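Participant: Sequence:
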Amino acid sequence: MADKGSATKAPESDAQELLTPEQKDPVIPGDTPAQTGPTMGEHCVTDRPTPSGQSSTGEIIKLNEIDVYISKPADYPHTASKLLLLLTGGTGIKSTNNQIQADKFASEGFLVLMPDFLSGDTSPVSTAITDDSTSILEQVKLKAVEVTKSFMIDMWLARVTPDKVMPILHKVIEAAQEQYADAIKSGEGIYCVGYCVGGRFVLLLAQENEQASGDEEAGAAKTGPYIKAGALAHAASVTPDDFNNLKAPLSLICVEDDPLFPDAVRTAGEDAMSKANLEHEVQVYPGVPHGFAVVGAYPDVSITEAQATAYEQMLKWIKEH
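Positions 1 to 321 (the UniProt record's numbering) are the ones given, in order, by the sequence shown.
Possibly wrong hints are sitting among the right ones.
[To be verified] For lysine-lysine, the following DSS-like pairs were computed, each having C-alpha atoms within a straight-line distance of at most 27 Å:
| id | residue 1 | residue 2 |
| --- | --- | --- |
| 1 | Lys228 | Lys275 |
| 2 | Lys171 | Lys228 |
| 3 | Lys275 | Lys316 |
| 4 | Lys104 | Lys62 |
| 5 | Lys164 | Lys228 |
| 6 | Lys185 | Lys247 |
Since the hints were made in silico from the structure, they are not lab data.
From a predicted model like this one, the values you see are computed outputs, not experimental measurements.
Kindly generate the complete structure, drawing on both the sequences and the hints.
Facilitator: Put into structure tokens, the structure is as follows:
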């Protein structure tokens with residue numbers, strides 16, 4: 001027999017119980033209201049609208065069997081350029097916005113290589129944001145879909161590991177050292193910028209580590225750093241250990257109250273860099289969503305302005321180093 005209390009309720013009443021006040025508010029600014037845990041932000045797994053009138057100008061090539069989007073300065077190779085690795089967020093190298101981002105750096109004199117370190121395994125797309133006019137039943141359905149999406153995103157994120165990514169980056173760097181030796185020589189090294197999940201690998205490329213050699217008397221051989229200087233924006237999946245053994249100057253763009261790059265990790269990183277006397281800068285941007293620094297149109301002018309400021313911060317850093 002059905003319980004009288006539940007049997008007399010309208011479906012909307014059951015739905016309302018599933019949507020507590022806490023569940024209606026997004027955990028990450030800009031995420032769907034249905035999200036209830038700190039997973040990847042919407043702006044990392046889907047592109048914002050491409051700014052009006054903009055399109056990409058580079059092309060996708062193969063370097064050491066890895067797909068790479070390449071964007072060159074208009075006067076390259078007649079004029080010396082510096083080599084820049086650009087590591088994307090979850091939307092990958094085929095994202096028009098990511099390609100435009102690479103083109104922006106190329107217009108400033110950098111030969112930009114944007115490798116497919118995800119091996120085509122881009123992040124699952126997120127669902128559309130609900131609004132106040134969405135019915136409770138529709139919100140419940142969207143919540144069920146969003147929970148599934150969040151699970152898929154978390155599973156995807158678990159696959160983006162150093163063991164899988166670093167060998168890909170090393171292959172691209174090896175190929176670049178042969179094919180674009182002039183650009184590396186011009187900049188006296190390789191520069192690197194990264195966004196979201198790509199941001200973590202800027203840190204790992206900036207590390208100097210010891211690798212055991214076959215010769216016991218020779219001891220461990222040192223590897224890295226692989227970059228001369230780096231900049232990372234709203235990084236994700238970073239751990240405090242990622243700040244160990246850093247040797248390249250770094251610029252960090254962070255989002256205030258970002259669950260994907262918690263304050264505890266950021267402050268631990270700042271402490272580690274300071275103790276190591278590593279040249280670095282950290283800027284925390286308030287009132288912006290995780291993913292804001294990537295090219296994309298926003299209706300909020302303040303976010304658009306912050307996006308431009310973040311780009312100038314990264315550009316200034318790599319130009320001065």
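Participant: Quick one, are Lys185 and Lys247 close enough, alpha carbons at most 27 Å?
Facilitator: OK: Lys185 and Lys247 at ~19 Å, within 27 Å.
Participant: Compare the distance between the alpha carbons of Lys164 and Lys228 with 27 Å, and conclude whether the hinted pair is satisfied.
Facilitator: 23 Å, holds
Participant: Does the structure keep Lys171 and Lys228 at a Cα separation of 27 Å or less?
Facilitator: 18 Å, holds
Participant: Is the hinted pair Lys275 and Lys316 satisfied, with a Cα-Cα distance of at most 27 Å?
Facilitator: It holds: about 24 Å lies between the C-alpha atoms, which stays within 27 Å.
Participant: Under the criterion that the straight-line Cα-Cα distance not exceed 27 Å, is the pair Lys228, Lys275 satisfied?
Facilitator: 20 Å, holds
Participant: Verify the proposed pairing of Lys104 with Lys62, using a straight-line Cα cut of 27 Å.
Facilitator: Holds, at roughly 21 Å.
Violated hints for the displayed structure: none, as all numbered hints are satisfied.
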